[in-house]
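Construct all of the structure, not just a fragment, from the sequences and the given hints.
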Amino acid sequence: AQSVAQPEDQVNVAEGNPLTVKCTYSVSGNPYLFWYVQYPNRGLQFLLKYITGDNLVKGSYGFEAEFNKSQTSFHLKKPSALVSDSALYFCAVRVGTGGFKTIFGAGTRLFVKA
Amino acid sequence: GAVVSQHPSRVICKSGTSVKIECRSLDFQATTMFWYRQFPKQSLMLMATSNEGSKATYEQGVEKDKFLINHASLTLSTLTVASAHPEDSSFYICSARTDYPDTEAFFGQGTRLTVV
Chain X
779 AQSVAQPEDQ VNVAEGNPLT VKCTYSVSGN PYLFWYVQYP NRGLQFLLKY
829 ITGDNLVKGS YGFEAEFNKS QTSFHLKKPS ALVSDSALYF CAVRVGTGGF
879 KTIFGAGTRL FVKA
Chain Z
3 GAVVSQHPSR VICKSGTSVK IECRSLDFQA TTMFWYRQFP KQSLMLMATS
53 NEGSKATYEQ GVEKDKFLIN HASLTLSTLT VASAHPEDSS FYICSARTDY
103 PDTEAFFGQG TRLTVV
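The listed protein sequences correspond, in order, to chains X and Z. Here our numbering is used: the first sequence runs in plain steps of one and ends on residue 892. Here our numbering is used: the second sequence runs in plain steps of one and ends on residue 118.
There may be inaccurate statements among the hints.
[To be verified] If you anchor each label on the Cβ, the simulated ranges turn out as follows:
(1) Z/ASN72 - X/ASP832: 35 to 45 Å
(2) Z/LYS57 - X/ASP832: 34 to 44 Å
(3) Z/ASP101 - X/ALA892: 19 to 29 Å
(4) Z/LYS22 - X/ALA783: 27 to 37 Å
(5) X/ARG887 - Z/HIS87: 26 to 36 Å
(6) Z/SER85 - X/LYS855: 38 to 48 Å
(7) Z/ASN72 - X/ALA884: 23 to 33 Å
(8) Z/MET47 - X/LYS855: 25 to 35 Å
(9) X/ALA783 - Z/ASP101: 26 to 36 Å
(10) X/GLU786 - Z/LYS16: 37 to 47 Å
(11) X/ASN808 - Z/MET47: 17 to 27 Å
(12) Z/ARG114 - X/ASN790: 25 to 35 Å
(13) X/ASP832 - Z/LYS68: 16 to 26 Å
(14) X/SER864 - Z/GLU54: 36 to 46 Å
To be clear, the hints were calculated from the coordinates, so they are not data collected in a lab. Even glycine gets a Cβ: it sits at the ideal position worked out from N, Cα and C.
What follows is the structure in structure tokens.
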């Protein structure tokens, strides 16, 4: 079955420190991987995606993610966290054809302390 | 990125009434639109996938007679919650994407439905 796992319910970091939000996936074929961020009572905002090419993908707001095929991971990273980065982060994988459903991980809540 | 507008952002209705939620792609033509439901502190659950001019494809366990989806044009999809009950209270989110060019999905801002 195709799935996405985010092993951490919550990640706490201090402002200015690097952050990592973990994601692993299980899909058949080549994966299309995404990261989205959600603020309270809002929809999802697209951060970045990996489809092909360079394993290190740079996205919005200074975030980046590294695609690791051997470990089937797509961890989200940022060199220096901001308090405003505190939000709910979702890893997602696109599956199927003719419509391309997107399956989401459970989400990881990031808390950045000042 | 592309803009997807969802309306209303918040609605409160009485039990037994029907509620319609609109999802519009403002600056692109959406080949496919998706409807999700999100419970508090949980992930998004895909309810259905709709393509313009054809019937929606519902995920297992989603009642198609309860959650009516119409994708009348390439820029508009609607979700109608028929005869809403308190257990239908939730956060509903739509998303839209195109095949040509191939894009990621863009999300609406969500609708908070409260059935009293």
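*Does the Cβ distance between Z/SER85 and X/LYS855 fall inside 38 to 48 Å?*
With a Cβ separation near 47 Å, Z/SER85 and X/LYS855 satisfy 38 to 48 Å, so the hint holds.
*asked:* Assuming the hint says 25 to 35 Å, is it satisfied by the Cβ distance from Z/ARG114 to X/ASN790 or not?
replied: holds (27 Å)
*Using the Cβ atoms, figure out if X/ALA783 sits within 26 to 36 Å of Z/ASP101.*
holds (28 Å)
_Distance restraint hint 36 to 46 Å, applied to the beta-carbon atoms of X/SER864 and Z/GLU54_ = holds (38 Å)
*Is the distance from the Cβ of Z/ASN72 to the Cβ of X/ALA884 consistent with 23 to 33 Å?*
holds (30 Å)
*Does 37 to 47 Å hold as the CB distance between X/GLU786 and Z/LYS16, or does it fail?*
Taking Cβ atoms as reference, X/GLU786 and Z/LYS16 lie about 40 Å apart, which means the hint holds.
*Do Z/ASP101 and X/ALA892 keep their Cβ atoms within the hinted range of 19 to 29 Å?*
violated (44 Å)
*Status of the given 35 to 45 Å range, CB of X/ASP832 versus CB of Z/ASN72*: Cβ of Z/ASN72 to Cβ of X/ASP832: about 41 Å, so the range 35 to 45 Å holds.
*With respect to the beta-carbon atoms only, verify the hint that Z/LYS57 and X/ASP832 lie 34 to 44 Å apart.*
holds (40 Å)
*Cβ-Cβ distance between X/ARG887 and Z/HIS87: within 26 to 36 Å?*
For X/ARG887 and Z/HIS87 the Cβ distance comes to about 29 Å; the hint holds.
*Quick one: are X/ASP832 and Z/LYS68 within 16 to 26 Å, going by C-beta?*
Because 45 Å falls outside the window, the suggested range is violated.
*Can you let me know if the beta-carbon spacing of Z/MET47 and X/LYS855 is within 25 to 35 Å?*
holds (27 Å)
Checked against the numbered hints listed earlier, the structure breaks hints 3 and 13; every other hint is satisfied.
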